[in-house]
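*Asks:* Protein chains in written order, with numbering that gives the first Met the number 0: chain A, 0 to 336; chain E, 0 to 336; chain H, 0 to 336; chain F, 0 to 336.
Wrong hints could be hidden among the right ones.
All copies of an identical chain are treated as equivalent in the list; a pair is satisfied when it fits inside any one copy or across any two copies.
[To be verified] Cross-link-like lysine-lysine pairs, in silico, DSBU-like; alpha carbons within 35 angstroms at most: (1) K140 / K332; (2) K2 / K24; (3) K160 / K332; (4) K140 / K160.
Rather than coming from a laboratory, the hints here were simulated on the basis of the structure.
4 protein chains.
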Amino acid sequence: MLKIGLLGAGRIGRVHARAISEHSKSQLAAVSDAVSEAAESLAGEYQAETRSSEDIIADSSIDAVLIATPTDTHSDLIEAATRAGKAVLCEKPVDLDLERAIACQQIASDTGQPVMVGFNRRFDPNFAAMKASFDANEIGKAELLSITSFDPAPPSVSYVKVSGGLFRDMMIHDFDMANYLLGQLPIAVSAVGTSVIDPEIGQAGDVDTAVVTMTYSDGRIAVIKNSRRAVYGYDQRVELLGSEGLLQAQNILENSVVKSTADGVVGAKPTYFFLERYMNAYRAEWSAFVDAVEAGSDMPVTLEDGVAALAMAEAATRSAQSGRPVLLDEVLKPVAK
Amino acid sequence: MLKIGLLGAGRIGRVHARAISEHSKSQLAAVSDAVSEAAESLAGEYQAETRSSEDIIADSSIDAVLIATPTDTHSDLIEAATRAGKAVLCEKPVDLDLERAIACQQIASDTGQPVMVGFNRRFDPNFAAMKASFDANEIGKAELLSITSFDPAPPSVSYVKVSGGLFRDMMIHDFDMANYLLGQLPIAVSAVGTSVIDPEIGQAGDVDTAVVTMTYSDGRIAVIKNSRRAVYGYDQRVELLGSEGLLQAQNILENSVVKSTADGVVGAKPTYFFLERYMNAYRAEWSAFVDAVEAGSDMPVTLEDGVAALAMAEAATRSAQSGRPVLLDEVLKPVAK
Amino acid sequence: MLKIGLLGAGRIGRVHARAISEHSKSQLAAVSDAVSEAAESLAGEYQAETRSSEDIIADSSIDAVLIATPTDTHSDLIEAATRAGKAVLCEKPVDLDLERAIACQQIASDTGQPVMVGFNRRFDPNFAAMKASFDANEIGKAELLSITSFDPAPPSVSYVKVSGGLFRDMMIHDFDMANYLLGQLPIAVSAVGTSVIDPEIGQAGDVDTAVVTMTYSDGRIAVIKNSRRAVYGYDQRVELLGSEGLLQAQNILENSVVKSTADGVVGAKPTYFFLERYMNAYRAEWSAFVDAVEAGSDMPVTLEDGVAALAMAEAATRSAQSGRPVLLDEVLKPVAK
Amino acid sequence: MLKIGLLGAGRIGRVHARAISEHSKSQLAAVSDAVSEAAESLAGEYQAETRSSEDIIADSSIDAVLIATPTDTHSDLIEAATRAGKAVLCEKPVDLDLERAIACQQIASDTGQPVMVGFNRRFDPNFAAMKASFDANEIGKAELLSITSFDPAPPSVSYVKVSGGLFRDMMIHDFDMANYLLGQLPIAVSAVGTSVIDPEIGQAGDVDTAVVTMTYSDGRIAVIKNSRRAVYGYDQRVELLGSEGLLQAQNILENSVVKSTADGVVGAKPTYFFLERYMNAYRAEWSAFVDAVEAGSDMPVTLEDGVAALAMAEAATRSAQSGRPVLLDEVLKPVAK
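Kindly generate the complete structure, drawing on both the sequences and the hints.
*Replies:* Put into structure tokens, the structure is as follows:
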């Protein structure tokens, strides 16, 4: 039984607490949060202790920590926890600053402790089935990948201001999905973004609608579409065109009921947002982490994966600002040792 | 070029006129109708003559007649036309009276002239693809056939009164579809019917909603559901469960547009009624008739097929009235010579 | 926290153990099974005790029992448990013998203890959404209900021999679904059945493919199709045609991936069987039971519901044997007091 | 009855001949083709004359010409025909050279004769239904348009060499679709292209897979994906995300049959190529042309529309070569008078 310390008791922390608690081989031992009421409420629900992050990291009886705190604390906590000998599952992104993330990766790597980055969508059974089909060569060689990823409603402008921007905060999931499916990083990233949904998002320096095109050394192309608002729900679709066919992962619907009337044929909407859509993925993610820790095997998503997606987000941000394609090397080389 | 006489210039006659005229090997030469304005209007559209049915049948330059007159004239016209040496395509049903239909079949058979019955659905490309898959053994042995056939809106009560009833007028298409797909007649027919849509239909001695179950000598079962009203359009679906799979022919929709809003995901309705749904089938039916006439080969749907479907309708009518299953032999034996 | 005794540690018992254990207000306290290894294994998984059914029922610290034993013990256990003051959730069917089930219902009713029958499909969110739409009058007045319910593979012939037959063992779920959706019992039941899948099932006195048609006092019709074998998975669909539209609950698929190749467009199969398809329904069923016990409110599915579905199964069995419709009153009146 | 001269008797010429001939208000009078056998064969089928293009244009009894000749003759023929007082329907693209196309537009405009460009997809009933829904404000303000347009198989390399390249030959349809749906031209066009399907296409200076992103003055974005090979058929889908919903025009399938077996649930492929997919659109296009000529009203697709799409193709070509976004003004200003 792994004893787990959960750092961060916000919305996503609660999702992880549930997965930790339901797993037969892990136990939620302690919870920390800057807002002590949040920590206490969550800890109480699972008969866990409320402690500071420092205490949890220092406690040798804690086997692993799950970092679900604000992004600007991720790197420090990853470093502290790995130095204290803990296995770590950290929410995405690793950091908003690529250089800082790379430094963190180096330090964590030096400790030899396993660190997994929380790209939950890799564990969604639908995307996993898609990847399995592609890996089994059922559609031949990949040629054109398309990812559609729309949130149901835009976040508050105050959130936008600290989010690092759409590319680092939201599209980072899609960058990782491209890396996961294609098993390869792009050469160049070309982005356009706009604040067509809410001009205040634009005034805050961010975009709410964006399209990114990526090119690869072997000629394949990937395109990612993001919107902060799809009033019909959380739109999460992936298409991969190959030399011998097309794979599509379609939306998951709220239910299977179809109503036909004089007004048309009406089906259910996609599940509303990530908690509904990806709860099974969060469970599977946690299970994969526990399995890897117990087996001492490689983490299924690494800190390198987290850095790669962040570098693509950085390149996209620069491309949207400059209006020209940005090479991944332009972004990575200056910060590499 | 086959010269064609069209007997009957009503709604279905107009459909056939178009198919006859569009076909490169047939020409609409003459049109008759009890309502002379209808005949003249249709004839004018296609540069054809307006004549009486008797004249058309007597005209040796006419190669074939298409009978689209009221049902109670079908048998007489089939007999007259075949005796006059014409090929015949006759709309369903052959007759409302089974004994009369069987007599007509005998007389037509004695003339040696080819007669085809207009079960247009056999020529729908979707049902044809379904049959091809079944015949290619793609789902193994047939076990359970289900036909859903709903009209968009009930006919007038005055039509109902002369229609011969739902089983002979509407479900006869589905009886023939069962025969076409399964290649076999049932042993017994069990029907329930109700006038839940419109009590006036019940007062007129007919039903507007009905379910018929049929059993076969090799153990398979078929079930047909009819409703005179599906407010969302013409619902035409067939499912065949076999030992190795299921075949479904689904509805054809008005268009391929899907609209997702906060209210749900809305697709198009099925095409409204048989003219929209089966126009291609009517064209293919006519083409098959022309081909068979030209080649001197067997008709793709025979008068025997028309009699078989009528016998099933008769059995269903009796079953709905008596509340017990009716053997097809009970219906056929007393009228067989 | 309700302390629960689970009687029966077979396949369905394990499903319930999981739901009991996951619920925050119930605790699996004790498990019994005629096969002691089964009981011990399951009890060990949930830190519960292994005891005899009699001991569990006699233990005043146990609040409720869940009966998941062989059908021929249900009535006795319901009577014993309710007499011992326990709330009961009993798997379907109540009994194979209608008279015995009615006697049990009377005895349980006299104790005043709440008894719920495990018609899990009522708690499936898809069927629940369908019912909610119908109850909200979104398709008007019900006219024609169709239920398709196919198992992926037939059970062993040895199981068939003790199952009570397809109508009591399998279609009983569909009878209850009809009662749930329509809120009304039929007047007459007409059944045809065949052993087209496996002749040994026929030799064992049962059928493996069946169609039942039911008529109602207000003219509506219901039809249920059952097959013991659909090689593509567990096919569970419901359609309700109303005066203003059609509601369909479609299958739940294994995943949302679609693969298009030169061979066609291939989607996932339906989830394989009831454990996958209805796990959420079992959880919701248990939650509804706990809520009703805690609130002292009416059970969401009653012993009367269990008897009604059994009576319909009895009528269907007699109809399939006699070849004529059987009135529900023919079945119920002789055994009513 | 409009007398029509058809210039060009190749594959697309034959499609138009059929539409011209089926229309009740137009008659195919004469056909020309550089390959005289092609002209004769087609003319013979429709009882038309075979003549030279010059003769047809000079014949005052011909009311309109349909230009379906090789692209490099389009501008000259448009000019000649309009100067001769004829109405013109010309296949896309107007020209491969933007400057030439603009000059042609000016000359044709000076004659006052109506010229329509053959962007047939505007007349597809599915895209038309999508536009009608958007124009009726059913999804609010447009934010993100996505067009997927894949051919089933790449053309021969010899065709590629004279085609003007994927952007002018294939994606030009999608540029026009964007203009049609959004009613607005983009500011900037950003393209990536690759020859991942066939390196010989790359050696011929063209691409076979491409993604184009376009930005608009009001912030909306459009993305077009093209591939020369989708082995499952002609993939033609459009999605428009708006402030209040999403519109999707999905593929049209070969038939409505679905087969479920142990291997999965298999549906029909999209119709194979443009002849099958857009035959109805070609008919509707011709009908719209005839209506506009007869009414003397504005052409539903103008030469200006043809020039706009060509300018976007030119911008995309330059962007793919230079690796930077190209403003539409960069392309249009230098050639504007």
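*Asks:* For each hint, tell me whether it holds in the structure or not.
*Replies:* Structure-based check of each hint:
With identical chains, the CA atoms of K140 and K332 are at most 35 angstroms apart within one copy only, with a shortest distance of 30 angstroms there and 42 angstroms across copies. In the homo-oligomer, the alpha carbons of K2 and K24 lie at most 35 angstroms apart both inside one protomer (9 angstroms) and across protomers (24 angstroms), since each shortest distance falls under that limit. In this homomeric assembly, K160 and K332 come within 35 angstroms of each other (Cα to Cα) only inside a single copy, at 28 angstroms, whereas the closest approach across copies is 40 angstroms. Proximity of K140 to K160 under the C-alpha cut-off of 35 angstroms is restricted to the inter-copy arrangement: shortest distance 25 angstroms between copies versus 41 angstroms within a copy.
In summary, the structure agrees with every hint in the numbered list given earlier.
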